[in-house]
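Undergrad: Model the placement of chain B on the given structure of chain A, informed by the hints.
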Amino acid sequence: MDTSKPFSGLKVLDFMWAVVGPMTSRYLAEHGATVVKIESVHHPDAVRMTPPFLGRQAGINRAHLIAEVNANKLALGINMSRPGAVELVKRIITTWQPDLVCENFTPRAMKNWGLDYPAVRQLKPDIIYYSSCQLGRGGPRSNFAGYGHLASALAGYFHLTGWPDRGPVLAYGALSDFLSPAVGVSAILAALIHRKFTSEGQHIDQSQMEVPIHYLAPMMLDYYVNGRVQGRAGNRDSSFAPHGVFPCQGDDRWIAIAVTSNEEWQALRRAMRDPSWAKDTRFSTIMGRKQHEDEIEDRISHWTQSQTAEDLMAKLQGTGVRAGVPLSCADMHNHPHLKERNFFRYLEHPEGGIMPHLGLRFVLSKTPGTVERCYARVGADTEHVLKNMAGLQDSEIGEMAAEGILEWS
Amino acid sequence: MLPLERFRVLDLTEGGYNLGAKVLADMGADVIRIEPPGGSPTRLTPPFYHDDPQPEKSLFWFAFNLNKRGVTLNLDIPEGRGLFQSLASKANIVMESYKPGHLEAMGIGYKQLSRQNPGLVVTSVTPFGQTGRFSQFQATDIVSWAEGGMLYLSGDQDRPPVRISFPVSEVVAGSQAAAGTMHALWHSINTGEGQQVDVSAQEAVLWLSLMEPPYPALTGYSLRREGIHRGFDFVTWRQLYPCKDGHVSIYLMGGPAGAFSMRALVKWMDEEGLATQDLLEKKWEEWSPSDLFRMGEEKALEEIRQVEEVTERLFALHTKEEIFDRAVRERILMAPCYDAADLAGEIQLQARDFWKEVEHPELGGNILYPGPLVKLSGTPIVFRRRAPLIGEHNREVYCEGLGLSPQEYSNLGSIGAI
Chain A
1 MDTSKPFSGL KVLDFMWAVV GPMTSRYLAE HGATVVKIES VHHPDAVRMT
51 PPFLGRQAGI NRAHLIAEVN ANKLALGINM SRPGAVELVK RIITTWQPDL
101 VCENFTPRAM KNWGLDYPAV RQLKPDIIYY SSCQLGRGGP RSNFAGYGHL
151 ASALAGYFHL TGWPDRGPVL AYGALSDFLS PAVGVSAILA ALIHRKFTSE
201 GQHIDQSQME VPIHYLAPMM LDYYVNGRVQ GRAGNRDSSF APHGVFPCQG
251 DDRWIAIAVT SNEEWQALRR AMRDPSWAKD TRFSTIMGRK QHEDEIEDRI
301 SHWTQSQTAE DLMAKLQGTG VRAGVPLSCA DMHNHPHLKE RNFFRYLEHP
351 EGGIMPHLGL RFVLSKTPGT VERCYARVGA DTEHVLKNMA GLQDSEIGEM
401 AAEGILEWS
Chain B
1001 MLPLERFRVL DLTEGGYNLG AKVLADMGAD VIRIEPPGGS PTRLTPPFYH
1051 DDPQPEKSLF WFAFNLNKRG VTLNLDIPEG RGLFQSLASK ANIVMESYKP
1101 GHLEAMGIGY KQLSRQNPGL VVTSVTPFGQ TGRFSQFQAT DIVSWAEGGM
1151 LYLSGDQDRP PVRISFPVSE VVAGSQAAAG TMHALWHSIN TGEGQQVDVS
1201 AQEAVLWLSL MEPPYPALTG YSLRREGIHR GFDFVTWRQL YPCKDGHVSI
1251 YLMGGPAGAF SMRALVKWMD EEGLATQDLL EKKWEEWSPS DLFRMGEEKA
1301 LEEIRQVEEV TERLFALHTK EEIFDRAVRE RILMAPCYDA ADLAGEIQLQ
1351 ARDFWKEVEH PELGGNILYP GPLVKLSGTP IVFRRRAPLI GEHNREVYCE
1401 GLGLSPQEYS NLGSIGAI
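Protein sequence lines, in the order shown, are assigned to chains A and B. For the first sequence, our numbering assigns the number 1 to the initial residue and increments by one for each residue that follows. For the second sequence, our numbering assigns the number 1001 to the initial residue and increments by one for each residue that follows.
Same shape as in the complex, but just chain A:
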C-alpha cells in the first residue's frame, strides 16, 4: 500500500451534494482516499447551476463550484429514481466494501431509498456512516431544507454582522457550509480510529446549525450567565482600540488595524511618526482610547488615506502593529505570500481551459496531499468504478445504461 498519503486504501461512497458535504469528503480525497461521488443528469448537483462558469458559458459541467469542492473524486452516474438503482448501490456496497458512506440530504432521503444507516449496516456491519443536514436528526424541524446562508442566519452570524445603527448584513457566502466540514472530517476520522481498535462502526449525525453555534459558544455563555444578547459592533472590539478598517489610496482600498496593547499603541505612534495629536495622554490607556474612539479613528483615517494598502501593511507589521489588507478576489491570486505557499492551484478542465482551485487547508510536512484531478462531468468514471471496483460485467453496465440507471454528461 502507498503510505505516502494518510488515506491510501480508504474507500468512500459519497452521496454528498452542494457544498458542505463535498467539502468534507474533499479532505479525504486530497489525502489519498478513493472517493466515489454519486449523482445523475436528471437530478444534478445544485451547484452545477451556480455561476461563475468556465469561460462565462453556463453548462452542466462548467461551474466552478462543482469542480472546487469535488477535486480528486471519481464520478459515478446513477439516477437514483430509476428502478434498480438502489439495488445497484447495495451491490456496490457489498462488493466494493466501502469504509465510509456519507450523505447530506434532509433525513428522509436516504431512508426513502432504503439506504439509511440501519439498512447499510445490514450490508456492512462496521460501516462508518456520516450524515449532515441543516438541523440534525430528530426534533420538530429536522426536515428543514436549506442552504448555507440559512444555517448562518439561524446560528446567529448575520445578527452579529454590520453596524449598531443599521440592520444586519450578510457575512459573505454560504458561511455555515464552510464552518462544519473541519469538525465533520475530524469526527469521521475519530470514528475510523475507534473502528480500527474495536471493529465497531457507527453513525455520525451532524447539524449544520449546531457546529456554527459552537464556534460562538462564549456569546451563548454570556447570554446564559449574564443575560446579555450580543449585537453588532461594526468593526470595533470591546477589549481593543483603535480597532477598525481605514481607507487607503485607490478605489475601495482599505486597511484593517488592531491595536491590542499599550505597546502596540506606541508602535502605531512610531509608524505615524508620532504626530502631535497622538501624544495626547487621554490616548495612552485602553480605557482612554475606547472613550475617544471616534476622534482616533478620524485621525488614523486621515493618515491612512494617502497611502497604498499593501505598503502600509508592511510598514505597520514591520513596527509591530497588527494590520492586514482586506483582499479582493483579484488581490488573492497576486498575493506574494500566498504564491510562496502555493495556495491556489490551477487545474486543466476536461472541457478546455483552466479552473482555479483553493489549495490544501493545512500543510502536512511529510504527507502533503494533492489537488490534482479536476471534477467536471456527471458520471465520468462510471465504467471504471463499476467494472474495476464493483466487479460488474461490461454487459451489465450496458444494460443498466440502456435502462437509464446509469447516466453521464
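Calculated directly from the structure, the hints in this document are not laboratory data. Treat the hints with care, since some could be wrong.
Stated by the list, open to error - List of simulated lysine to aspartate or glutamate pairs, EDC-like, C-alpha gap at most 20 Å:
#1 A:Lys315 <-> A:Glu263
#2 B:Lys1282 <-> B:Asp1270
#3 B:Lys1267 <-> B:Asp1325
#4 B:Lys1244 <-> A:Asp165
#5 B:Lys1283 <-> B:Glu1303
#6 A:Lys290 <-> B:Asp1052
#7 A:Lys366 <-> A:Asp2
#8 A:Lys366 <-> B:Glu1193
#9 A:Lys196 <-> B:Asp1076
#10 A:Lys290 <-> B:Asp1051
#11 A:Lys366 <-> A:Glu351
#12 A:Lys366 <-> B:Glu1104
#13 B:Lys1282 <-> B:Glu1272
#14 B:Lys1244 <-> B:Asp1342
#15 A:Lys196 <-> B:Asp1052
#16 B:Lys1099 <-> A:Glu340
#17 B:Lys1267 <-> B:Glu1303
#18 A:Lys290 <-> A:Glu264
#19 B:Lys1283 <-> B:Asp1270
#20 B:Lys1099 <-> A:Glu263
#21 B:Lys1099 <-> B:Asp1076
#22 A:Lys5 <-> A:Glu372
#23 A:Lys279 <-> A:Glu297
#24 A:Lys196 <-> B:Glu1005
#25 B:Lys1299 <-> B:Glu1286
#26 A:Lys90 <-> A:Glu396
#27 A:Lys279 <-> A:Glu310
#28 B:Lys1099 <-> A:Glu264
#29 A:Lys5 <-> B:Glu1193
#30 A:Lys339 <-> A:Glu310
#31 B:Lys1267 <-> B:Glu1308
No experiment lies behind these values; they were computed from the predicted model shown.
TA: The following block gives chain B in isolation, referenced to the frame of chain A:
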C-alpha cells in the same frame, strides 16, 4: 470507550485556536492545556462571568477549554523546557500557536521533539502559516478576516467592509488544526511516522470565502460587497429582509435548487393576497441563476426586483417564528436571523437536547453550554470536566503522570518552573 481515549495532547495554543484541542478533548483525548505560571493570556478574553474580569472567570476560556486538564509550566527557563520534553516524549500530539521558529529556538520544536518521539504530531496554528514572507506577521481576528478575503465582501457599500462582531477567524483556524491533527494522527497510528501540521488562519478564512477567488480568472472581474444582497455575476438578489420582530434570510432563486421553494413561497403570497398573476404563472424550474444569467442583465434584474418587492411585503406581516414554522412545514428556503436569546429558546435545539449543564463548583452552580459538536451513535461526546483552573492538575500531571517525587515537584515550584 471514547474514540481518542488512548491519545494525549499537549495544548500550547492561545485564543480562539483553543477550539482545536477542544475538538479532540470532546472525542476523548486527554488534553493537557499548558499555561505560563500565573495563567494564560486567553483568560483575559471577555466576556466574563457576571462581568467580573478575573482570570478564573473568562467565559471565552470556559467555552474553548472544556474537557481539558490544565497545568502551568514556564518554558522560558531550562527546567521548564526539560519538563516539557518529558511530557512530549509521552504524548501523541502537541498543538501550539507561537510565532514560527519560536519553539525551535528554545530547543523544543518539531524536529527536536520528534527525535525522542518519532510518531509525535506537532500542529502549529498561526496567522500566516510556517513559511512565506508574512510568516512572522501578527494578526487578530480582523486582520485574518481581511487577509482571508471575507472582510472585503461583507458590508454596505457606503461604509467600510465590516467583520462579524465575534472573533471567528481564530476559532475557524482552530477547527482546521483539529482536522489536520486528525489526518496526521491517522497516519501516525498506521505507520509510526509523525509530522508537523502547518495551519494558517489566513488560509482557513480563505476557505470560508471559497466562492469568490475564481471570479477574476473566469469572468474577468472582481466582486464587491453588496450588503444585504447576494451576487452571482450580474445576477444579484436580496437575501435579508426585515420581518415583524427582526430579520429573515431567504434563497430567492428557482431552478433545481429552489423551484420547489419558490412555488411554496408564492402560494403563501397568494394566501395573503400579495401574489401577482406573473408570479403565479412563472415557471420556477426555469428561473435558476444560470437561466437568469442567460436572460441578460436588464431583463434578469427586472424579474428579480419584482419578486423581491412582494417578498418584502410578505415578511413585514410575519414574525420570525411564523416564518421559520412555515419554512419547515411548506419547504421554503428561508430562516430567521437569530440572536442568543432566540437560540436559547429554539425548539429544535431543545428537542435534540443540545444545551448541556456543566458544573462549576467554584462559582456555586452550573452553566449551560452548547452540547456535542456532532452526535456519534457509538461513542457519544460527553462533557467530563469544566475548563481547568490555573495549575489545577499540576500535581496530577507532574507527580502521578511523570513520576516526580514530592521534593522534585516542590523544587520546580520554588524555581518558578511550574
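Undergrad: Look at each hint and say if it fits the structure.
TA: Now the hints, each set against the structure:
At most 20 Å may separate the alpha-carbon atoms for a hinted pair to count; Lys315 (chain A) and Glu263 (chain A) meet this at roughly 16 Å. Distance hint between Lys1282 (chain B) and Asp1270 (chain B) is fulfilled; the C-alpha atoms sit about 13 Å from each other, no more than 20 Å. At most 20 Å may separate the alpha-carbon atoms for a hinted pair to count; Lys1267 (chain B) and Asp1325 (chain B) meet this at roughly 15 Å. A threshold of 20 Å between alpha carbons decides the hint, and for Lys1244 (chain B) with Asp165 (chain A) the separation of about 18 Å falls inside it, so the pair holds.
Taken as a hint, the Lys1283 (chain B) and Glu1303 (chain B) pair is honoured in the structure, with Cα atoms around 12 Å apart against an allowance of 20 Å. At most 20 Å may separate the alpha-carbon atoms for a hinted pair to count; Lys290 (chain A) and Asp1052 (chain B) meet this at roughly 19 Å. Of the supplied pair hints, the one linking Lys366 (chain A) and Asp2 (chain A) holds, its CA atoms being roughly 13 Å apart against a limit of 20 Å. Taken as a hint, the Lys366 (chain A) and Glu1193 (chain B) pair is honoured in the structure, with Cα atoms around 9 Å apart against an allowance of 20 Å.
For the suggested pair Lys196 (chain A) and Asp1076 (chain B), the alpha carbons sit about 40 Å apart, so the restraint of at most 20 Å is broken. With a CA separation close to 18 Å, the supplied pair Lys290 (chain A) and Asp1051 (chain B) stays within the 20 Å bound. Proximity of Lys366 (chain A) to Glu351 (chain A) is assessed by CA-CA distance (about 34 Å); at most 20 Å being required, the pair is judged violated. Distance restraint check for Lys366 (chain A) and Glu1104 (chain B): the Cα-Cα separation of roughly 18 Å lies within the 20 Å cut-off, and the hinted pair is therefore satisfied.
With a C-alpha separation of about 18 Å, the suggested pair Lys1282 (chain B) and Glu1272 (chain B) falls inside the 20 Å cut-off, and the hint holds. With a C-alpha separation of about 15 Å, the suggested pair Lys1244 (chain B) and Asp1342 (chain B) falls inside the 20 Å cut-off, and the hint holds. For the proposed pair Lys196 (chain A) and Asp1052 (chain B), the alpha carbon gap of about 46 Å is over 20 Å, so the pair is violated. Distance hint between Lys1099 (chain B) and Glu340 (chain A) is fulfilled; the C-alpha atoms sit about 18 Å from each other, no more than 20 Å.
Between Lys1267 (chain B) and Glu1303 (chain B) the CA atoms are separated by roughly 18 Å; this keeps the pair inside 20 Å, and the hint holds. Annotation: proposed proximity of Lys290 (chain A) to Glu264 (chain A) holds, straight-line Cα distance about 15 Å (limit 20 Å). For the proposed pair Lys1283 (chain B) and Asp1270 (chain B), the alpha carbon gap of about 16 Å is at most 20 Å, so the pair holds. With a C-alpha separation of about 18 Å, the suggested pair Lys1099 (chain B) and Glu263 (chain A) falls inside the 20 Å cut-off, and the hint holds.
Proposed proximity of Lys1099 (chain B) and Asp1076 (chain B) is supported: the alpha carbons are some 15 Å apart, at most 20 Å. Note on Lys5 (chain A) and Glu372 (chain A): the hinted pairing holds, with a Cα-Cα distance of about 14 Å set against a maximum of 20 Å. For the proposed pair Lys279 (chain A) and Glu297 (chain A), the alpha carbon gap of about 15 Å is at most 20 Å, so the pair holds. For the hint pairing Lys196 (chain A) with Glu1005 (chain B), the CA-to-CA distance comes to about 13 Å; that is within 20 Å, so the pair holds.
Restraint check for Lys1299 (chain B) and Glu1286 (chain B): the C-alpha separation of about 14 Å stays at or below 20 Å, so the hint holds. Only pairs whose Cα atoms come within 20 Å are accepted, and Lys90 (chain A) paired with Glu396 (chain A) is accepted, the gap being roughly 15 Å. Between Lys279 (chain A) and Glu310 (chain A) the alpha-carbon distance is near 26 Å, which puts this suggested pair outside the 20 Å criterion. Under the criterion of a C-alpha separation no larger than 20 Å, the hint pairing Lys1099 (chain B) with Glu264 (chain A) is consistent with the structure, at around 17 Å.
Note on Lys5 (chain A) and Glu1193 (chain B): the hinted pairing holds, with a Cα-Cα distance of about 12 Å set against a maximum of 20 Å. Straight-line distance between C-alpha atoms of Lys339 (chain A) and Glu310 (chain A) comes to about 15 Å, which keeps the hinted pair within the 20 Å bound. For a cut-off of 20 Å, the pair hint linking Lys1267 (chain B) to Glu1308 (chain B) stands: about 15 Å separates their Cα positions.
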